[in-house]
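Participant: What follows is the residue order along each chain.
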Amino acid sequence: MVIYLKSIFTDAGNLILFTTRFFREIVKPLFETHEFIKQCYVIGYKSLPLVAVTGFIMGLVLTLQSRPTLSKFGAESWLPGMVALSLIREIAPVITALICAGKVSSGIGAELGSMKVTEQIDAMEVSAINPFKYLVVTRILAATLMIPILVVFADAIGILGGYVGFNIHSDVNMVRYNAQVFESLDFIDIFPATIKTFFFGFSIGLIGCYKGFTASNGTESVGKAANSAVVLASLIIFIIDMLAVQITDLFF
Amino acid sequence: MTKDNGFTWKLGMFVTIGMLAFILTIYFVGKQKNMFGSTFLLKSHFKNVSGLKIGNNVRFSGINVGTVDAIELITDSSVVVDLLIENDVKSFIKTDAKASISSDGLMGDKVLIISSGTSAKESVKNNDILASKSAIEIEDLMKSMKKSLDNVALISEDLAQFSHKVNNSKGALSKMIIDEEFSNSLKSTLINLQTSSDEFAKFTTKMNNGKGALSKMINDEKFSRSLDSTMSNLQSGTKGLSENMEAAKSSFLLKGYFNKKEKADDLKKTNLKRQSILKQKKDSINRIILKKDTIR
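Top line first, the protein sequences correspond to chains A and B.
Note that our numbering has the first sequence beginning at 1, numbered continuously upward.
Note that our numbering has the second sequence beginning at 1001, numbered continuously upward.
Worth flagging that the hints you see were computed from the coordinates, not collected in a lab.
Predicted model, so just to flag it, every value in this text is computed and none were measured.
One should not assume that every hint holds.
Below, simulated DSS-like cross-link-like pairs (lysine-lysine); rule was C-alpha separation at most 27 Å, straight line [as the list claims (entries may be wrong)]:
hint	chain 1	residue 1	chain 2	residue 2
1	B	1121	B	1098
2	B	1033	B	1043
3	A	72	B	1110
4	A	46	B	1010
5	A	133	B	1010
6	B	1010	A	103
7	B	1125	B	1090
8	B	1033	B	1098
9	B	1043	B	1090
10	B	1031	B	1053
11	B	1053	B	1125
12	B	1010	A	38
13	B	1110	B	1098
14	B	1033	B	1133
15	B	1043	B	1133
Can you build the whole structure from these sequences, using the hints too?
Facilitator: Now the structure itself:
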């Protein structure tokens, strides 16, 4: 029990050290722009189809599921606003972050883990390339900046899905639907949700890199790194979400 | 670097579209709040804004034309509300337009409604102050409702008591309603009353038109005048008679009789006095006895 707890706290301490190292390395000059752009492409653009499909389905399904309850109150006209609000405030950020935790975090974990296992990272160090800067900083930064953009796409496509779902049972044109969506929105709905997506992205990149970078030798650990990266990233996303919502609720 | 072009443009497109969507959302939400575009400011003073919030809609003729920009307390009973209103409707809002607060549907937000003024007046300028109508508060409504309901309760209670009494008591009203005999007798009484009043009517018509002494006394002026003169003659006659009586008192033949009468009167008076004195004495004795009792 004590050993188990100790291992957990050691893990947490290592993660904190890893994070501080990231912040120390990021301010150092010689930024790996080319690798950063490539990682942005991999994390952002390559995840777009997946995020788009989940976003569309979430919007569609949320509309269909909320309709019976709202029509019981005769408030069907509030459906677009309600779906847009719940998508933008909560569902699109969390679903996108979870999808990306599955795709990006595990990908980074497996990639860096296999590099670590095959001693490519050590080879980098020997050839005077800072592996932390080249591999970790670029990936974490790319994830931090790309996840919010993916969330914006998920919002937009989810609202489109809501439009499709709304038109299954009733008939409303795009202009009126958009007007209803924007009528219900406020800056309070948009900014806290957007700010928390940066933290989601950061934690996705960080956990993936940490798990991969600290993988022990042996091919078995590669799979372990990928697996635990997904689990931990998903958990941390929910914890951050809870904190963010509580803080938002406190101030507004 | 030519090798990289394959993915750079895709990344660029991805980021650009994402940013554009975000900025557009911000713009449209801001437009909803009248943050962009040309607007002007109107003010209005209220005693009570009943939950109006910054950002609530302003309606003119049922159209959303602006938003509430600020709500500030200026004195202990006066709130100034700043309204941001689109420039397009400036010419339609006249200086005598009135602002009032009502709610949007049963559960909806509060809205500020500008009711249109008379078309003859000038249109408003920037920073003008609109007159306000105090809205009917639900609380006031409830208060007056409660009052009237209380009254209704009192009235119905009285009514219940009244009807109970009517049903169960033996008063005239209940008898009138319940007792058949009573109502029959009432009916016959009324019939009698009718016949007697008919008779009376006949009598009065006779009196007005007839030539009997009574009718003459009332109607005939000549007769009444002659009656008057008769009466005055009678008066002077009685005067003479009383003079005669005085004279008779002093004549020696009747003096004895009058003296006797005077003496009898005196005796009566002295008897009365004695009786009153006796009564007083009795009272004082009683009082003394009572006092003694209380002392014991």
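Participant: Now, for every hint given, state plainly whether the structure supports it.
Facilitator: Results of checking the hints against the structure:
Between residue 1121/B and residue 1098/B, the direct Cα distance comes to roughly 13 Å. Compliance with the 27 Å bound is thereby established for this hinted pair. This hinted pair checks out: residue 1033/B and residue 1043/B have alpha carbons roughly 17 Å apart, not beyond 27 Å. Proposed proximity of residue 72/A and residue 1110/B is supported: the alpha carbons are some 24 Å apart, at most 27 Å. For the suggested pair residue 46/A and residue 1010/B, the alpha carbons sit about 10 Å apart, so the restraint of at most 27 Å is met.
Distance restraint check for residue 133/A and residue 1010/B: the Cα-Cα separation of roughly 25 Å lies within the 27 Å cut-off, and the hinted pair is therefore satisfied. For the suggested pair residue 1010/B and residue 103/A, the alpha carbons sit about 19 Å apart, so the restraint of at most 27 Å is met. A threshold of 27 Å between alpha carbons decides the hint, and for residue 1125/B with residue 1090/B the separation of about 8 Å falls inside it, so the pair holds. For the hint pairing residue 1033/B with residue 1098/B, the CA-to-CA distance comes to about 22 Å; that is within 27 Å, so the pair holds.
Distance check on the hinted pair: residue 1043/B and residue 1090/B sit about 14 Å apart at the alpha-carbon level, within 27 Å; holds. Restraint check for residue 1031/B and residue 1053/B: satisfied, since their Cα atoms lie roughly 18 Å apart, inside the 27 Å limit. As the CA atoms of residue 1053/B and residue 1125/B are separated by approximately 24 Å, the hinted pair is consistent with the 27 Å bound. Proximity of residue 1010/B to residue 38/A is assessed by CA-CA distance (about 11 Å); at most 27 Å being required, the pair is judged to hold.
Annotation: proposed proximity of residue 1110/B to residue 1098/B holds, straight-line Cα distance about 16 Å (limit 27 Å). For the suggested pair residue 1033/B and residue 1133/B, the alpha carbons sit about 25 Å apart, so the restraint of at most 27 Å is met. Note on residue 1043/B and residue 1133/B: the hinted pairing holds, with a Cα-Cα distance of about 13 Å set against a maximum of 27 Å.
When each numbered hint is compared with the structure, no violation occurs for any of them.
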